[in-house]
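Number of protein chains: 2
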Amino acid sequence: MKSVGVAILGLGVVGGGTYKILRDHREYFQRTQGVDITVESVLEINKEKALALGIEEGKISDNIAEVISNPNVDIVVEVIGGVEPAKSFVLAALHSGKTVVTSNKELFCKYWHELEKAAKRTNAGLYFEASCVSGVPIIRTLIDGMQANVIENLTGIINGTTNYILTRMSREGSGYEEVLKEAQRLGYAEADPAADVEGYDAAYKLSILSSLAFHTKVPLDKVYREGITDIRPQDIAYGQELGYVLKLLAIGKNGQNGIEVRVHPAFIRKEHPLAAVSDSFNAVFLKGDSVGDIMLYGRGAGALPTGSAIVSDVIYAATHNDIKYTTFKNSAQAEAGVKFVNDFRSRYYIRFTAKDKAGALAKVAGVLAKYGISIVDLIQKGEDCEDIPVILITHETNEYAVRRALDKVAALDDVVSVDSVIRVEV
Amino acid sequence: MKSVGVAILGLGVVGGGTYKILRDHREYFQRTQGVDITVESVLEINKEKALALGIEEGKISDNIAEVISNPNVDIVVEVIGGVEPAKSFVLAALHSGKTVVTSNKELFCKYWHELEKAAKRTNAGLYFEASCVSGVPIIRTLIDGMQANVIENLTGIINGTTNYILTRMSREGSGYEEVLKEAQRLGYAEADPAADVEGYDAAYKLSILSSLAFHTKVPLDKVYREGITDIRPQDIAYGQELGYVLKLLAIGKNGQNGIEVRVHPAFIRKEHPLAAVSDSFNAVFLKGDSVGDIMLYGRGAGALPTGSAIVSDVIYAATHNDIKYTTFKNSAQAEAGVKFVNDFRSRYYIRFTAKDKAGALAKVAGVLAKYGISIVDLIQKGEDCEDIPVILITHETNEYAVRRALDKVAALDDVVSVDSVIRVEV
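One line per chain: the protein sequences are A and B, in this order. Numbered per our numbering, the first sequence spans residues 47 to 472. Numbered per our numbering, the second sequence spans residues 47 to 472.
If we strip away everything but chain A, and leave its shape as in the complex, we get:
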């Protein structure tokens, strides 16, 4: 039976989960995969943590050179996260011909080309299923399951923290700050939640997923990004009245005008399969020209779900000799000729406060009409007195037209303030 030695760089949540899966399933993998996988080395400064997991002292190291040069190590699992020192460690492993399996979305989305160039040079494998949507095999699906398709649309709920927060806000009518605190207490949000709630994490993943889906590098700086920190419970409630659920969506579209990639809160119809993706669950919805609509659903984070993706890659690397690289001419940029759309099209939910309803509505509608924006739905709250909220939903229109129109709306005498603008998708 083939023997494969693994090194794990970092025994955090994901590293610990990966170790446990490999330790507890060794015989299962021998039987079902025909390969004997052992953890030969771990890089971890906190020796006690490693010992507590039952790792032999001789296999614990705080020296990356020692770990990589270990002749028993064939595959290096990087689960440190962030750019440095992860990047140097991964490059060092690849330079010495070791296959790398990583869960590091930030590193991968920013330096994919550099990592792959290094991998190709030594014919090392480079696997990254765990970087996106945890144990849900979305990368494998894009690479090995959807090849027959020109993918037109990829829409996902790909950040667990924000989905947990929005689900609770929707259920309880609570405010963002309150739910965030509760999420932090329960471990669903980090002490510094910015990477999740500002949409960075989702943007990293969207850059990776849309690059694979559209077969061209989609650089991070092309991803429009907006987080959930400004979401107010009354908007969620008004949306519900109109039949919508609020989600932080990651949207990639590949159409005639070019590629459109964006992360932002959006209302979706409550009947759409993505609307039922609640709490910390994630899902990715794909539209291919042959397969039509498909959706993959599962946990987007956690020690064992992410460990599942890493070990899946380790087994794949251990049982396949072919290495299929996936990047796009090893460039940090999109290929020449690929266009990106910024003035994307959407429908819009707009809430504003009117001084005098009758007068304000007519004037607002007039301004919108000037920019080619027509109204499809309307809720008016309260009596016909001063300072009342008005909610409207537009037909599909252009982003820039909405922004320009709302500048004018805000300046109207009868309008106290434009309070919320939320895109309405699917």
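None of these hints come from the bench; they were simulated from the model. In this text the structure is predicted, and so the values were computed from the model without any measurement. Any given hint could turn out to be false.
No distinction is drawn between identical chains; accordingly, a pair holds when it is met within one copy or between any pair of copies.
Said to hold, decoys possible - Derived pair list, reagent style BS3-like, types lysine-lysine, alpha-carbon separation capped at 27 Å:
hint, residue 1, residue 2
1, 48, 166
2, 227, 454
3, 375, 48
4, 333, 316
5, 66, 333
6, 105, 427
7, 105, 93
8, 316, 156
9, 227, 133
10, 401, 95
Position chain B against the provided structure of chain A, taking the given hints into account.
Frame of chain A; chain B shown alone:
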């Protein structure tokens, strides 16, 4: 660039879809997959059909030996369906070292071992993604995405025809026969619908999927099977009152007592992700010990979705040199030591007609209690007169206990008839 020649056996719905995808995406596959795939031969008696698709006359044949011996053919796509002549054709292709891609669930589930033995002998590839759930990459996921997991549960809606019929019956309150006729008129059901509505099609797929999930051959004759032909609209309506949706489920469980595989109608909670899988859509829900719950959703049939799965396999075969066979000691039977459970556990929806309600209920409850079955929910319809329907839902209990208890219930003086028994899952 690598060139790969394909032969398509049978230009029916799926064969036609496969041809169109290969024809229309040739340049796309050259660019994105680095391989030039051409259709070099088709086996089709109806020459006009082939010509109408734009296939050159010289590539159309009605002679299988000629197709297989064509030196330009590397991969043979079998989309004839059924056991013979498909089996002989596939074996002939494998014997001559050609890789086979098939959508044939019946052939594959019955003769997997034989086909694989032949493939191994000549080192030919054998791919079958299209045999289950069409373009949804469930086979690829089980083989290359879920390896890290001991899979405990696989529950799917894996037949589009029955899901379409049950969805319409649920929405409209119509009877089975009426909706079946409409489904036949619209092309969602075959003129002879038995393979779908009696659950054979789902049983074939469940045999394949659970074999992969549980890493042992799960022979077709181990799959308990019950179709939807006896489903009555009033049971769907009563279930809805209790918060359930009726689906034809394919269930595979791998537990301490052994493997349990069954296809039958079942009520599921309306909040469960599978409950939202409507019309001809399919989905498979998996529970792995590491990844937790994941679900794959998409179209379960159709020319292009199934063609997507076939072309995906063709590309995989064309771009990988490694062939990873998946069977289980090339046997038609499960490995020694694998146990199958027939007396499975479930909750039950039971509808019976009572002569005198008060008396009947007490006696029925008494009989059930004797078999260790307790009641969790109850609906009584109509006034306290003669011949009124009573619906009850049990706690989890054993199948055989329910069958024995209901024989006794049917014999009670106060009971006119036991009308419906439907399992309640998830």
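Status of the hints after comparison with the structure:
When the C-alpha separation of residue 48 and residue 166 is checked against a cutoff of 27 Å, the pair qualifies both within a copy, at 23 Å, and between copies, at 19 Å. In this assembly of identical chains, residue 227 and residue 454 lie within 27 Å of each other by CA distance neither inside one copy nor across copies; the values are 37 Å within and 58 Å between. Proximity of residue 375 and residue 48 under a CA criterion of 27 Å is satisfied inter-copy only: 19 Å between copies versus 33 Å inside one chain copy. In this homomeric assembly, residue 333 and residue 316 come within 27 Å of each other (Cα to Cα) both inside a single copy, at 19 Å, and across copies, at 26 Å.
For the identical chains of this complex, residue 66 and residue 333 are inter-copy neighbours only, at 18 Å across copies versus 36 Å inside a copy, given an alpha-carbon limit of 27 Å. Taking the shortest alpha-carbon separations for residue 105 and residue 427, neither the intra-copy value of 66 Å nor the inter-copy value of 69 Å comes in at or below 27 Å. For the homomeric pair residue 105 and residue 93, the shortest alpha-carbon distance inside one copy (10 Å) is at most 27 Å, but the shortest distance between copies (67 Å) is not. In the homo-oligomer, the alpha carbons of residue 316 and residue 156 never lie at most 27 Å apart, since the shortest distance is 35 Å inside one protomer and 42 Å across protomers.
Proximity of residue 227 and residue 133 under a CA criterion of 27 Å is satisfied in neither setting, with 32 Å inside one chain copy and 62 Å between copies. For the identical chains of this complex, residue 401 and residue 95 are neighbours neither inside a copy (61 Å) nor across copies (69 Å), given an alpha-carbon limit of 27 Å.
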